[in-house]
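Participant: Working from the sequences, and respecting the hints, build out all of it.
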Amino acid sequence: MDIENLMGNLTSVKITEKTMDTDTICTLKFEFPHTSKSVCPGQFLMVWVPGVDEIPMSISYWNSPIMGINIHPIGTATRSLAKFDVGDWIGIRGPFGSTFNLDSKEALVVGGGIGMAPLRFLTKRLIEQGTHVVLLVAARTKKDLLVYDFSSKENLEIRIATDDGSVGFKGFATDAARELLLDYQFDMVYACGPELMMSGLFDILKEYDVGLQFSLERYMKCGCGICGTCAMDPNGALVCLEGPVFDRSGLSNLTEFGLYARDSTGVKKKCR
202 MDIENLMGNL TSVKITEKTM DTDTICTLKF EFPHTSKSVC PGQFLMVWVP GVDEIPMSIS
262 YWNSPIMGIN IHPIGTATRS LAKFDVGDWI GIRGPFGSTF NLDSKEALVV GGGIGMAPLR
322 FLTKRLIEQG THVVLLVAAR TKKDLLVYDF SSKENLEIRI ATDDGSVGFK GFATDAAREL
382 LLDYQFDMVY ACGPELMMSG LFDILKEYDV GLQFSLERYM KCGCGICGTC AMDPNGALVC
442 LEGPVFDRSG LSNLTEFGLY ARDSTGVKKK CR
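Numbering of the sequence shown is given in the working numbering, commencing with residue 202 and proceeding in unit increments.
It is possible that some hints are incorrect.
Heads up, simulated DMTMM-like pairs for lysine to aspartate or glutamate below, C-alpha to C-alpha not over 25 Å straight-line [to be verified]: (1) Lys354 to Asp388; (2) Lys215 to Asp286; (3) Lys407 to Asp364; (4) Lys354 to Glu329; (5) Lys354 to Glu307; (6) Lys469 to Asp448; (7) Lys471 to Glu443; (8) Lys284 to Asp350; (9) Lys371 to Asp224; (10) Lys284 to Asp345; (11) Lys230 to Asp364; (12) Lys238 to Asp304; (13) Lys306 to Glu408; (14) Lys238 to Glu329; (15) Lys354 to Asp384; (16) Lys371 to Asp222; (17) Lys306 to Glu232; (18) Lys470 to Glu443; (19) Lys471 to Asp364; (20) Lys371 to Asp384; (21) Lys343 to Asp376; (22) Lys407 to Asp448; (23) Lys284 to Glu232; (24) Lys284 to Asp254.
No lab work stands behind these hints: they were computed from the structure.
Facilitator: Have a look at this one:
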């Protein structure tokens, strides 16, 4: 086995742009040096924060050669990374993981909180190819919404939902999605966000003959199937290789989906 090709070479990149998307979440952009590599919606990078840790980060922006990642400061590494600015250097490996299938003419895209990160790249590609997209952006409250500028495309409708009703639909993303499913004839539903949200949406979609693709998050150390920390019950599916994007069949085979995930020590924690 060629470990170097499997893991990818760690490459240093300089941050060229930083924008604040919310009061706490930011986008860091940099020039991706491996322009010959295929970069597709749904993939992720392993990002090295010098002196801190290496963590998986979804690719949220791609306009060759410029790539972007969203930073939500909730852990040691992300809190450190959120302090980085233009001119600072980080390390990257990848991209890794499965990708979203873009075969859709009428798509519902559901993003909860920071789950909008990989869906930003996906939505851009869908509307560029002519897919009619209804984008449901959800968060607990108005200040947590990740709403990006897609340049007012005619084939894009943006809907907002907040748990507290501070803006848009008042209620959970699943409730808002249920109403949209009654109003449109979608052929595909894409989602990323809190796993309880996706699990609820998965249950709703059991009543519909529609394709679905969800992006999952699991703790991982290597990003390429070596460490096994992202393995899921009961079949040992590796989120870094077989995911992070799973379809209806794949999710149906994962008994831990929506129930629990493992921390860095392998201890099961209830999904939030």
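Participant: Check whether the Cα positions of Lys238 and Glu329 lie no farther apart than 25 Å.
Facilitator: It holds: about 20 Å lies between the C-alpha atoms, which stays within 25 Å.
Participant: Starting from Lys354, check that the Cα of Asp388 is at most 25 Å away, please.
Facilitator: holds, 20 Å
Participant: CA of Lys284 to CA of Asp350, is that 25 Å or under?
Facilitator: It holds: about 24 Å lies between the C-alpha atoms, which stays within 25 Å.
Participant: Assess, step by step, whether the Cα of Lys354 is no farther than 25 Å from the Cα of Glu307, and give holds or violated.
Facilitator: It holds: about 14 Å lies between the C-alpha atoms, which stays within 25 Å.
Participant: Sort out whether Glu232 lies within 25 Å of Lys284, counting only the CA atoms.
Facilitator: holds, 19 Å
Participant: Quickly compare the C-alpha distance for Lys238 and Asp304 to 25 Å and report which way the hint goes.
Facilitator: holds, 22 Å
Participant: Would the hint linking Lys284 and Asp254 be met if the CA-CA limit is 25 Å?
Facilitator: Holds, at roughly 15 Å.
Participant: Given the hinted pair Lys354 and Asp384, is their Cα-Cα distance within 25 Å?
Facilitator: holds, 20 Å
Participant: Do the alpha carbons of Lys371 and Asp222 lie within 25 Å of each other, as the hint requires?
Facilitator: holds, 22 Å
Participant: Holds or violated: are the alpha carbons of Lys469 and Asp448 at most 25 Å from each other?
Facilitator: Holds, because 24 Å separates the two Cα atoms, which is no more than 25 Å.
Participant: Taken at face value, is the distance from the CA of Glu329 to the CA of Lys354 at most 25 Å?
Facilitator: This hinted pair holds, its Cα atoms lying about 9 Å apart.
Participant: Given the proposed pairing of Lys343 with Asp376, does the C-alpha separation stay at or below 25 Å?
Facilitator: holds, 17 Å
Figure legend: structure checked against the earlier numbered hints; hints not met, in rising order: 11 and 17.
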